[in-house]
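**Q** Sequence:
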Amino acid sequence: MSGHANSLKAILLALGANAAIFIAKLVAAVITGSGAMMAEAVHSLADCGNQGLLLLGMRQSKKPPSDDYPLGWGRALYFWSFVVAILLFAVGGLFSIYEGTHKLTHPEPLTWPWLALGVLLFGIVAESISMRGCMREVNLARGEQSLWQWFRQTRSSELLVIFGEDLAALLGLCLAALAIGATMLTGNLLFDALGTVAIGVLLVVVAIALAIEVKALLIGQGVEPRRRAELLAFLDHRPEVAQVYNLITLQMGPDVMVAVKARMAPTPDSLALIHAINTVEAAMKAQFTDIRWSFFEPDITD
Numbered sequence: 001m002s003g004h005a006n007s008l009k010a011i012l013l014a015l016g017a018n019a020a021i022f023i024a025k026l027v028a029a030v031i032t033g034s035g036a037m038m039a040e041a042v043h044s045l046a047d048c049g050n051q052g053l054l055l056l057g058m059r060q061s062k063k064p065p066s067d068d069y070p071l072g073w074g075r076a077l078y079f080w081s082f083v084v085a086i087l088l089f090a091v092g093g094l095f096s097i098y099e100g101t102h103k104l105t106h107p108e109p110l111t112w113p114w115l116a117l118g119v120l121l122f123g124i125v126a127e128s129i130s131m132r133g134c135m136r137e138v139n140l141a142r143g144e145q146s147l148w149q150w151f152r153q154t155r156s157s158e159l160l161v162i163f164g165e166d167l168a169a170l171l172g173l174c175l176a177a178l179a180i181g182a183t184m185l186t187g188n189l190l191f192d193a194l195g196t197v198a199i200g201v202l203l204v205v206v207a208i209a210l211a212i213e214v215k216a217l218l219i220g221q222g223v224e225p226r227r228r229a230e231l232l233a234f235l236d237h238r239p240e241v242a243q244v245y246n247l248i249t250l251q252m253g254p255d256v257m258v259a260v261k262a263r264m265a266p267t268p269d270s271l272a273l274i275h276a277i278n279t280v281e282a283a284m285k286a287q288f289t290d291i292r293w294s295f296f297e298p299d300i301t302d
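Residues in the sequence shown are numbered consecutively from 1, following full-length UniProt numbering.
Keep in mind that a hint or two might mislead.
Unchecked claim - Computed beta-carbon distance windows for the label pairs: (1) Glu281 to Phe122: 50 to 60 Å; (2) Ala19 to Arg152: 27 to 37 Å; (3) Leu190 to Asp68: 49 to 59 Å.
To be verified - List of simulated lysine to any residue pairs, SDA-like, C-alpha gap at most 20 Å: (4) Lys261 to Ala276; (5) Lys63 to Cys48; (6) Lys261 to Arg238; (7) Lys9 to Trp150.
FYI, nobody ran anything at the bench for these hints, they're computed from the structure.
For glycine and all other residues, C-beta sits at the position ideal for the given N, C-alpha and C.
Build the full structure now, drawing on both the sequences and the hints.
**A** This is how it looks when you write it as structure tokens:
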């Protein structure tokens with residue numbers, strides 16, 4: 001069974017790393033004139049803004065329910081995660097492709113290329129630290145799942161986005177280093193331009209993958225399949241429940257809504273039936289602490 005990941009820790013770690021990397025990249029891009037370096041600087045700046053939006057989403061998701069929002073603001077986190085995916089696509093990916101295309105038609109010689117490589121090396125180290133922290137939380141959340149299964153099934157949109165950003169950033173840094181290194185060795189500015197385009201394509205692919213996953217959460221997904229199986233097993237083993245007819249779940253950010261339709265074990269009267277239902281709900285919320293709302297319908301047929 002999986003543990004509970006600390007998404008806030010992963011976001012703050014990524015924010016700190018990207019802020020330091022952005023400053024270093026920007027200085028190096030201005031001095032060297034490298035398009036790949038400028039693309040990486042814009043990417044890091046976009047990541048800083050993205051992490052700020054995720055923090056905003058986490059804060060909004062904790063707002064209490066009201067008459068207008070009876071199930072709370074939990075899904076605000078999905079909205080801001082989707083915005084982050086769009087920004088990663090537009091600001092990061094499309095700008096990098098544009099910058100690379102511009103360099104193909106208007107090549108500019110690199111100056112101080114060793115400085116650029118030094119900054120990229122610093123960025124790789126800093127981003128690796130951020131990625132390591134993110135993977136620690138991802139591994140805690142995914143349990144025995146493969147990384148791909150976790151990516152497709154997780155309901156933690158903020159951790160999903162941080163993982164995608166960190167992965168794209170680390171691969172992008174490596175591409176930029178290869179592009180600048182090849183340019184230095186051959187003197188051909190084509191490598192720097194192609195590296196910039198490759199970084200843009202990478203960001204676009206990651207952004208689209210993230211958007212697809214977060215879109216499903218925005219529409220309204222239930223809990224993870226393994227979580228739903230655990231809930232069903234719990235209900236099936238309760239002595240108060242004779243048969244579960246239907247189980248509906250809805251992930252609401254960090255919280256979960258559950259609706260159960262079941263045939264209850266025979267009781268002497270209606271008060272005993274109500275007591276049995278309350279007992280099951282209390283036990284269910286005690287074991288599955290993310291369940292905030294539960295609706296229980298006793299019936300004799302589905």
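**Q** Each hint: holds or not?
**A** Status of the hints after comparison with the structure:
The hint said 50 to 60 Å for the Cβ distance between Glu281 and Phe122, and at roughly 53 Å that hint holds. Between Ala19 and Arg152, the C-beta spacing of about 31 Å keeps the proposed range 27 to 37 Å intact. Distance hint check: the CB atoms of Leu190 and Asp68 are about 57 Å apart, consistent with the given range 49 to 59 Å. Annotation: proposed proximity of Lys261 to Ala276 holds, straight-line Cα distance about 14 Å (limit 20 Å).
With a C-alpha separation of about 24 Å, the suggested pair Lys63 and Cys48 falls outside the 20 Å cut-off, and the hint is violated. Simply put, Lys261 and Arg238 have alpha-carbon atoms about 14 Å apart, close enough for the 20 Å limit, and the pair holds. Restraint check: the Cα-Cα separation between Lys9 and Trp150 comes to about 19 Å, which is no more than 20 Å; the hinted pair holds.
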